[in-house]
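> One-letter residues, chain by chain:
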Amino acid sequence: MITLEHVYILTGLMGAAFTVLSALDQSNPKRWGNAAFWGVLSLSFLFGSELSDFWNGVIVIVLVVIGGFGLMHRSAAVTSTPQTRRAHAERFGNWLFLPAIIVPVVALIGTLAFKGSAFIDSKNTTLVFLAIGVLFALAVCYAWLRPPLLAPLEDGRRLVDTIGWATVLPQMLASLGAVFALAGVGDAVGHIATHTLPLGSPVAAVIAYCLGMALFTFVMGNAFAAFPVMTAGIGLPLIVHTFHGDPVIMGAIGMLAGYSGTLMTPMAANFNIVPAALLELPDRNGVIKVQVPTALMLLAANTVLMAVLVYRF
Amino acid sequence: MHMWSLLGIAVVVLGFALRVNPLLTIAVAAGVTGTAAGISPVHIVEAFGKAFAQTRLIGVVFLVLPVIGILERYGLQERAKTLIAKLRGVSAGRLLLAYLLIRQAAAAFGVPLGGQAQVVRPLLAPMVEGAAETQIGRVSEKQRYWLRAHAAAAETIGLFFGEDIFIAIGSILLIKAFLQTEGIVVEPFALSVWAIPTAVLAAVIHGARLLLIDRQLRREAASPPPEKSRDDFSTSPQGGGGRS
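Keeping their order, the protein sequence lines are chains H and C.
Using this note's numbering, you'd call the opening residue of the first sequence number 415 and step up by one each time.
Using this note's numbering, you'd call the opening residue of the second sequence number 9 and step up by one each time.
Source of the hints: derived by calculation from the structure; they are not laboratory data.
We put the CB at the ideal spot given by N, CA and C, even for glycine.
Accuracy of the hints is not assured; some may be wrong.
With the Cβ distance kept under 10 Å, some of the chain C side facing chain H (calculated, not the full set) [to be verified]:
| no. | residue |
| --- | --- |
| 1 | Val-28 |
| 2 | Ala-161 |
| 3 | Arg-226 |
| 4 | Ala-230 |
Using the sequences and the hints, build the whole thing.
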């Protein structure tokens, strides 16, 4: 059976290749920093499942030291010139889209066709087929474009270097959430919210719940972390039990109110910070800035929706 | 209850506000919160390491970078711009709107289509830039970054406010599971139905903002802001906006 573990090993091998290429890149003044970062990260992908929790933690500490103290430097691009790119674009035409589309299409077909199959880990079908799609697309690229042998890895490294240490930011934030949960941060926030906010009327409870979802999501970077806290703290005791609101409507719209928080926070790194790096925006918060107006309008809309609907059904 | 564990939140807020490196901020926040809650340093490291290993699936998406990279070497972004320039009546705002609606609809049916690395960087962002160039000719550096940010935003907003209509998505299952622990049994379908009003509002609100992009581009083309002088990237030797 193909499982997530195989996908991790493939990712780890790619990281190992980035490590070697980084170490050999004499044009980069901090090549050893880059090599160390990708090397340690690839260890996490290759051996993370076998290592003890403590050694996985040590891996994180090393990554934080390398990435956090500026020991990395973005490598100079080893790729084609704009002139040759334009010439290639002319020559290969719209067929260039085909390999790019292979990856999502294989992921989609695989997910639908192998649902519940014994060959693929059923919980992670899409990720497994994402990896298979990547290998398939690369095979097509080699056969058709005939690039130099290492070109995909060199270009992959060029792109991953534009993201740099932010590649691990989403994982770091998710892990911080785990430590917060262990330390009881959620309970403490719920306790404060219920003891300090004026929640005397049905509408006030809805407003507090929706704003609380958005705010706590903003802080944690994840509506999933906010939902149990705010729902146990305000939603269920007040909206459902005291004012007899509908728990289904409250839950569904409450989660969506939290998403407004996700759209506005640098803590949601994989949605907001990594794309900004990937698109080479000079402002790390560039994506957040264009999302804020929509996020605020939707938060207001969700609050009104819940206030109107939750006590009616 | 450990009220001091909230110190970690303060560290995060402060760290991001002062623009300290986020990796350092997160590590310190974990240490502070764990210590305040009476967890030993070794246990904090273990808890963090365990969670890091368990969340590696977030990093798997970077596997697509070699494919995107090699295609960019052979002119994928340039081709995307040319294709859009040939289509009549396509504008940056309308293109983003079309993507938003397709992304939302796909997510609502649980179709894993899209992605920042898979679609936005190699295809959507260059297409939007290409459309803007067709519309107004010169696209300044500032406009280019703004359009790219909008491409990323359309992807995320489409995903967020579409996926909750699909019953087998994590958030719906989380709501169901949590309500169940409180003795309230609900069907995933009942939850997903109540995600529809917000999905419609998201399409209307964000869609309207996307259409305003075209107006703003036209307005800025009519009276270009004086601040930038080296803004014409479409003819500079660096090509795709410094995306070397």
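> Evaluate each hint against the coordinates.
Results of checking the hints against the structure:
1. Val-28: holds, 9 Å
2. Ala-161: holds, 5 Å
3. Arg-226: For Arg-226/C, the interface hint is violated, since the closest Cβ of chain H sits about 18 Å away, which is over 10 Å.
4. Ala-230: violated, 22 Å
The structure fails hints 3, 4 (numbered hints given earlier, in ascending order).
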